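Please model the complete structure; the sequences and the hints are all you need to start from.
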Amino acid sequence: MQVRIIAEAFDPQAEAAAFCAGRDDTGALVTFCGYCRSANKGAAVAELRLDQYEGFTEKEITRIVQEVAGRFSCPDLLVIHRVGVIKPGEAIVLVAALGTHRANAFEAVKILMDYLKTDAPLWKKETGPSGARWVEPRAEDYARRQQADKPEAGAA
Amino acid sequence: MVRLVFLGKFGEMAPADLSEVTLPGGVRTLSDLQAWLGEKAPLLARAMAATRTRLVLNQEVVHDLSRVLVSGDEIAFLPPMSGG
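As given, the protein sequences belong to chains A and B, one line each in that order. 1 is the number of the first residue of the first sequence in our numbering; add one for each residue after it. 157 is the number of the first residue of the second sequence in our numbering; add one for each residue after it.
Hints in this document: simulated from the structure, not taken from any laboratory. The structure presented is a predicted model; accordingly, all values stated were derived computationally and were not measured. One should not assume that every hint holds.
Short, incomplete list of chain B residues facing chain A, as computed with Cβ under 10 angstroms [stated by the list, open to error]:
id, residue
1, Met157
2, Val158
3, Leu160
4, Val161
5, Leu163
6, Lys165
7, Gly167
8, Ala206
9, Thr207
10, Arg210
11, Asp220
12, Arg223
13, Ser238
14, Gly239
Cβ atoms here follow ideal geometry from the backbone N, Cα and C, with glycine treated the same way.
Next comes the structure, spelled out in structure tokens:
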């Protein structure tokens with residue numbers, strides 16, 4: 001299990017390849033990568049800034065990953081999350097799961113993202129031509145997070 | 157002396173002199189601290205009351221506002237988080 005909070009741009013394909021390199025004990029690799037968009041709700045985005053709470057952010061994300069790993073019996077999970085200034089087109093987050101079969105790996109990645117949206121101690125500020133604004137989870141993010149808590153969520 | 161950490165939008169609203177503070181005698185618990193912040197930084201306190209604010213004491217999430225503070229504690233105020 002790996003959790004990395006990094007301030008530099010990274011290559012999600014290379015990270016995913018390195019994550020499963022040399023593994024012959026798994027039958028599935030599922031990845032999700034979230035990218036910074038150049039527009040949000042019709043407004044141009046020049047850059048995003050993600051703030052962390054040093055130490056606590058990594059600790060909390062690790063706790064979430066451990067919980068998901070236990071629930072879905074995935075042989076391995078990876079979360080890489082950017083902090084600092086992120087430009088459109090750059091990757092913000094990579095979540096990857098190795099599974100013995102595809103179902104658990106798909107569900108682990110989905111549930112991990114549902115948790116990260118509302119429970120990862122990160123704060124996102126979007127800057128565009130009309131100014132800057134803090135981005136907060138949407139109602140559907142909270143709804144998905146609530147759904148993810150249910151034991152039957154992701155039952156494979 | 158305690159250390160106060162204001163994350164995200166709270167960080168922009170918090171007066172700079174609130175990062176390290178000596179609490180007055182009557183401020184013993186987290187709940188007292190919140191009330192004290194209401195006097196020291198009313199705009200910030202209002203913003204914290206109006207949203208889902210989480211409190212973290214020495215890197216552990218706390219729900220019990222009766223927790224007694226001691227010198228050297230670090231208390232963080234977290235607005236709604238937005239990872240991913």
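- Violated hints, by number in ascending order, as checked against the structure: As far as the earlier hints go, 1, 2, 3, 8, 11 and 12 are violated by this structure, in ascending order.
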